[in-house]
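Q: Chains A and B supply the protein sequences, listed in that same order.
Per my numbering: the first sequence ends with 330, consecutive numbering throughout.
Per my numbering: the second sequence ends with 282, consecutive numbering throughout.
Mixed in with the good hints, there may be bad ones.
[What the hints assert, rightly or not] Here are the simulated distance ranges between beta carbons:
hint	chain 1	residue 1	chain 2	residue 2	range
1	A	Arg16	B	Ala198	29 to 39 Å
2	B	Glu21	A	Trp187	57 to 67 Å
3	A	Pro180	B	Ala198	37 to 47 Å
4	B	Arg44	A	Gln96	54 to 64 Å
5	B	Trp32	A	Asp79	26 to 36 Å
6	A	Gly12	B	Val199	12 to 22 Å
7	A	Asp36	B	Ala198	44 to 54 Å
8	A	Arg72	B	Arg282	37 to 47 Å
9	A	Ala18	B	Ala161	19 to 29 Å
10	B	Gly77	A	Gln96	51 to 61 Å
11	A	Gly146	B	Pro160	14 to 24 Å
12	B	Pro160	A	Asp136	55 to 65 Å
[Claimed, not checked] Within a straight-line C-alpha distance of at most 30 Å, the following computed DSS-like cross-link-like pairs (lysine-lysine) qualify:
hint	chain 1	residue 1	chain 2	residue 2
13	A	Lys258	A	Lys235
14	A	Lys143	B	Lys109
15	B	Lys109	A	Lys258
16	A	Lys122	B	Lys109
17	A	Lys235	B	Lys109
18	A	Lys143	A	Lys122
19	A	Lys67	A	Lys122
Since the hints were made in silico from the structure, they are not lab data.
Note that the Cβ used here is the ideal one computed from N, Cα and C, for glycine as well.
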Amino acid sequence: MSATGYAVRAEGLQKRYAEKKGAKGGPHKLALDGFDLAVRAGTVHGLLGPNGAGKTTAVRALATLLKFDGGRAEVAGIDVRRDPRLVRRRIGLTGQYAALDEVLTGRQNLEMFGRLFHLGGKRARVRAGELLEQFDLVEAADKGVGAYSGGMRRRLDLAASMILAPQVLFLDEPTTGLDPRGRGEVWDAVRALVAGGTTVLLTTQYLDEADRLASHITVIDRGRTIADDTPDGLKNRVGGDRIEVVVARAADLAVAAKVIARVSATEPETDEVALRAHAQVGDRVAALTEVARTLQDEGIAVEDIGLRRPSLDDVFLRLTGHRAELEAAA
Amino acid sequence: MSTANTHTMSTATEPVPTGPERRLYWALADCWNVTRRTLTHYRRQPVTIVWQLGFPIVSVLLYGFVFGEAMAVPGDGDYREFLMPGMFASTMAFGFMNTTMAVVTDSTKGVIDRFRSMPMAPSAVASGRGVSDLLVACAELTILAVTAVLIGWEAEGGAPAAVGAFGLLLLLRFSLIWVGVWLGLLVPSAEAAGGLYAVAFPLTMISSIFVAPSLMPSWLGPVAAWNPVSSTVTATRELFGQPVSGGTWIEDNAVLMAVVWPLLITAVFLPLAVRRFQALSR
């Protein structure tokens with residue numbers, strides 16, 4: 001497996017949960033139902049899916065935190081089920097919360113985790129110093145983590161995952177709850193790690209995050225892999241460019257949708273809040289000219305009109321039947 | 001793929017422990033590292049220990065001086081003398097809340113998951129907690145004893161018996177570590193854990209800490225006497241040379257029961273805590 005250049009590989013992973021807690025043998029729910037994944041070494045691989053699709057379950061199973069019921073998994077060439085201890089020496093995990101000691105300083109956190117990674121006191125100290133520098137935390141190193149900003153916490157959390165310079169890093173929603181600046185900081189840190197040779201498996205509810213970082217994306221829904229491709233490949237599946245019109249008055253939205261329908265083979269979608277109608281088109285320029293002229297002829301006030309590439313959000317909608325943000329907000 | 005990794009960092013890792021000796025070595029080393037973490041907490045926030053001790057010290061002063069003169073003690077004893085072993089034991093008994101809070105904080109913040117994803121000895125998560133809790137308990141007992149001596153209390157049973165009494169108190173605290181770890185892994189949030197005070201309070205009040213069971217209503221007395229905390233309290237009163245005769249079997253065998261109860265609690269809650277920890281991977 002490692003010979004083929006894959007850092008993570010899962011085949012037909014199954015994870016069952018009893019529907020009622022503790023009721024063994026009773027009705028159960030499949031959190032993972034034949035989940036497949038292949039992550040190339042040295043890349044960022046995005047794992048996307050609606051809430052409850054099994055993203056976190058998959059990551060926890062691969063990171064040895066959760067026993068799975070069926071299928072097989074290898075991480076860094078090691079069988080996860082057979083040798084979880086060995087896997088733990090090759091992986092780093094950053095979960096949905098910064099798993100840090102709030103009372104200790106950043107440096108004390110890294111030294112503690114370093115000693116628990118069995119580096120020994122002296123090497124743990126040296127390694128903590130290196131990581132503080134690498135993640136740009138030298139100034140805050142001796143402040144209590146309780147006083148850190150969200151972005152700093154996540155960076156320290158990443159640093160703690162990198163103590164043994166793991167081959168594979170699992171990032172489970174690493175920027176959830178961060179402001180744009182904090183997200184940017186985490187993205188930079190992740191890019192630097194990958195440049196250094198680390199393989200990253202990233203789950204996120206932000207599709208733009210996956211679009212920016214991941215070179216490959218797996219979409220999971222109801223515990224099963226439903227798509228696996230590059231971001232561009234996924235977008236091409238949804239079809240070509242879309243024409244998009246934003247009207248000034250809500251009353252005009254239906255008319256705009258009708259006008260768009262004439263140039264598109266698919267039913268236009270409308271967004272009543274943003275006063276936006278859009279649909280996929282074949283001949284981009286002809287469609288744009290046609291729609292613009294017709295709207296003008298009919299006297300409809302247009303705020304904005306244009307062509308855009310499909311987003312991962314469109315991919316998501318097409319593949320799972322629901323929008324990512326709606327699920328995330330639910 | 002490991003050859004594709006070109007990290008130039010100072011991380012060499014020692015070989016994976018294989019033999020039982022190496023496992024034992026790392027179990028102890030990791031335990032100590034987790035212990036150090038908690039001790040560093042107290043070094044960074046000395047105020048925490050002040051708060052933790054504030055309650056028993058204030059209780060000693062409140063109960064000893066505000067209620068002291070009005071409280072009845074079986075026989076003809078001094079209430080403050082009667083109270084001190086109770087305060088020692090109640091500090092040990094309430095200690096399980098500190099364990100619970102620490103474990104629930106680690107588990108909700110993902111620190112326990114991080115530990116589990118690391119190649120450290122899994123037992124250290126609990127053993128490190130336990131060792132630091134016991135060290136803190138020693139500090140608590142020392143400070144309480146100093147306070148007690150300052151207000152005129154003394155251990156009249158001699159030094160060896162006093163050492164035995166403190167041993168029994170620590171044994172009670174030891175057994176409650178497992179209750180704390182189990183509860184900490186069971187409750188969903190620190191807020192929910194805070195609600196446990198409402199349960200812990202009557203559990204420690206309905207005991208011989210403040211009032212002798214023989215002075216309670218006849219339906220409540222036996223309940224209080226059979227409370228495991230009561231056995232430790234009664235036994236330490238005996239060992240400190242301030243015995244209170246109760247006349248019931250459970251009170252007459254207090255020293256024995258002060259050993260049996262904690263062992264029983266450990267026998268029940270240690271496996272429960274371990275099972276709960278293992279259940280995290282299911």
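Q: Return the numbers of the hints above that this structure violates; sort them in rising order.
A: Of the numbered hints given earlier, those the structure breaks are 2, 4, 6, 8, 9, 11, 15, 17, 19, listed in rising order.
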